[in-house]
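Quick note on numbering: the sequence shown equals residues 1 to 222 in my numbering.
One or more of the hints may lead you astray.
Simulated restraints on C-beta separations [stated by the list, open to error]:
#: 1; residue 1: G34; residue 2: E192; range: 37 to 45 Å
#: 2; residue 1: E114; residue 2: N171; range: 38 to 46 Å
#: 3; residue 1: G177; residue 2: I213; range: 44 to 52 Å
#: 4; residue 1: F118; residue 2: V78; range: 23 to 31 Å
#: 5; residue 1: Q120; residue 2: F210; range: 18 to 26 Å
#: 6; residue 1: S90; residue 2: V147; range: 19 to 27 Å
#: 7; residue 1: I200; residue 2: D17; range: 17 to 25 Å
#: 8; residue 1: N45; residue 2: V147; range: 17 to 25 Å
#: 9; residue 1: G29; residue 2: D164; range: 31 to 39 Å
In silico DMTMM-like cross-links for lysine to aspartate or glutamate, where the CA-CA straight-line distance does not exceed 20 Å [stated by the list, open to error]:
#: 10; residue 1: K154; residue 2: E143
#: 11; residue 1: K154; residue 2: E121
#: 12; residue 1: K179; residue 2: E121
#: 13; residue 1: K179; residue 2: D220
#: 14; residue 1: K13; residue 2: D81
#: 15; residue 1: K179; residue 2: D164
#: 16; residue 1: K179; residue 2: E143
#: 17; residue 1: K179; residue 2: E158
#: 18; residue 1: K154; residue 2: D193
#: 19; residue 1: K9; residue 2: D81
#: 20; residue 1: K179; residue 2: D163
#: 21; residue 1: K154; residue 2: E111
#: 22; residue 1: K179; residue 2: D81
#: 23; residue 1: K154; residue 2: E51
#: 24; residue 1: K179; residue 2: E192
#: 25; residue 1: K179; residue 2: D193
#: 26; residue 1: K179; residue 2: D17
It is worth saying that the hints were derived from the structure and are not from the lab. In this text the structure is predicted, and so the values were computed from the model without any measurement. By construction, the Cβ of each residue, glycine as well, lies at the ideal position given by its N, Cα and C atoms.
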Amino acid sequence: AQLEINLRKYYLKNYHDPAGFDIGQIALGNHPIGTLARASFQPFNTGDPIEVAMCLGVVLETAYTNPLVVALPQVAMVNGDHAMPTTFLSIQSDESRHMANGYATLMACLESTENVPFLQESLERHFWHQHMSMDTLVGVVSEYYAVNRPWAYKDVWEEWVVDDFVGSYMNRLAPYGLKPPERLPDVARFVEDMHHSVAIALAAIWPLNFWRIDPMGPADYE
1 AQLEINLRKY
11 YLKNYHDPAG
21 FDIGQIALGN
31 HPIGTLARAS
41 FQPFNTGDPI
51 EVAMCLGVVL
61 ETAYTNPLVV
71 ALPQVAMVNG
81 DHAMPTTFLS
91 IQSDESRHMA
101 NGYATLMACL
111 ESTENVPFLQ
121 ESLERHFWHQ
131 HMSMDTLVGV
141 VSEYYAVNRP
151 WAYKDVWEEW
161 VVDDFVGSYM
171 NRLAPYGLKP
181 PERLPDVARF
191 VEDMHHSVAI
201 ALAAIWPLNF
211 WRIDPMGPAD
221 YE
């Protein structure tokens with residue numbers, strides 16, 4: 001949290017358009033998108049310890065922090081922001097420890113086959129919740145709130161979530177009875193256009209937004 005706070009303070013002092021960085025915490029709580037943020041963040045510290053470990057250490061940290069703190073800084077870099085990649089890549093080294101904690105907790109629980117149905121249910125729930133928030137966040141920011149766009153979010157999602165999390169992480173757990181999320185095909189379909197729909201909605205409610213973005217140019221219509 002200290003790294004993110006210091007990054008926000010840096011933007012307040014040095015960013016060419018610091019609008020919103022000074023009121024982000026309060027404004028998010030009063031913005032319609034804040035409902036989505038709360039749905040994503042509340043499971044981090046509610047529920048029993050295993051439920052929290054599944055949400056944080058297994059789903060969020062393992063499946064979704066790579067698009068957020070590895071891929072998204074690439075967008076910042078090609079748009080001239082060097083502070084965000086420096087901060088986020090430092091954060092990712094800590095995320096690796098969180099992933100290890102989640103994996104250790106999961107493997108300890110899988111020692112008893114009686115736990116498998118509960119773990120599967122938790123996986124399904126948190127994978128869907130984090131998809132709705134993280135896929136939307138990274139997709140909108142990378143494809144709509146940046147002038148230079150080095151990649152399409154669907155490609156990043158397939159690399160980190162499908163190939164890395166499902167193909168590598170989850171498939172190794174199959175012998176223990178844990179399966180990949182059942183709604184993965186639905187998520188794959190929604191990743192195609194969900195962030196586009198949200199970007200349109202955010203543009204429509206622009207008077208409520210507490211941030212500014214660069215206007216579209218001729219290249220955006222090609």
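Against the structure, the hints:
Taking the beta carbon of each, G34 and E192 are about 25 Å apart, not inside 37 to 45 Å as hinted. Checking the proposed 38 to 46 Å range against E114 and N171 shows it is violated: the Cβ atoms sit about 23 Å from each other. Between G177 and I213, the C-beta spacing of about 46 Å keeps the proposed range 44 to 52 Å intact. A C-beta distance of roughly 43 Å is found between F118 and V78, which places it outside the suggested range of 23 to 31 Å.
Between Q120 and F210, the C-beta spacing of about 39 Å breaks the proposed range 18 to 26 Å. For the pair S90 and V147, the beta carbons lie near 25 Å from each other, so the given range of 19 to 27 Å is met. Restraint check, I200 to D17: a C-beta distance of roughly 23 Å satisfies the suggested window 17 to 25 Å. Remark: the range hint 17 to 25 Å for N45 to V147 is contradicted by a beta-carbon distance near 36 Å.
For the pair G29 and D164, the supplied restraint of 31 to 39 Å holds, since their beta-carbon distance comes to about 33 Å. Our distance criterion of 20 Å between C-alpha atoms is met by K154 and E143, whose separation comes to about 10 Å. The suggested pairing of K154 with E121 is violated, with an alpha-carbon distance near 26 Å, which exceeds 20 Å. With a C-alpha separation of about 10 Å, the suggested pairing of K179 with E121 holds against the 20 Å cut-off.
A C-alpha spacing of about 41 Å is found between K179 and D220, which places the hinted pair above 20 Å, so the restraint is violated. For the hint pairing K13 with D81, the CA-to-CA distance comes to about 14 Å; that is within 20 Å, so the pair holds. For the given pair, K179 sits about 15 Å from D164 by alpha-carbon distance, which is consistent with the 20 Å threshold. Distance hint between K179 and E143 is unfulfilled; the C-alpha atoms sit about 32 Å from each other, more than 20 Å.
This hinted pair checks out: K179 and E158 have alpha carbons roughly 18 Å apart, not beyond 20 Å. Annotation: proposed proximity of K154 to D193 holds, straight-line Cα distance about 9 Å (limit 20 Å). The straight-line distance between the Cα atoms of K9 and D81 is roughly 15 Å, inside the 20 Å bound, and the hint therefore holds. As the CA atoms of K179 and D163 are separated by approximately 15 Å, the hinted pair is consistent with the 20 Å bound.
With a C-alpha separation of about 35 Å, the suggested pairing of K154 with E111 is violated against the 20 Å cut-off. Among the hinted pairs, K179 with D81 is inconsistent with the structure: their alpha-carbon atoms are about 39 Å apart, more than 20 Å. With a C-alpha separation of about 28 Å, the suggested pairing of K154 with E51 is violated against the 20 Å cut-off. Pair hint K179 plus E192 does not hold up; C-alpha atoms about 24 Å apart against a cutoff of 20 Å.
Restraint check for K179 and D193: the C-alpha separation of about 26 Å exceeds 20 Å, so the hint is violated. Of the supplied pair hints, the one linking K179 and D17 is violated, its CA atoms being roughly 46 Å apart against a limit of 20 Å.
Of the numbered hints listed earlier, those contradicted by the structure are 1, 2, 4, 5, 8, 11, 13, 16, 21, 22, 23, 24, 25 and 26.
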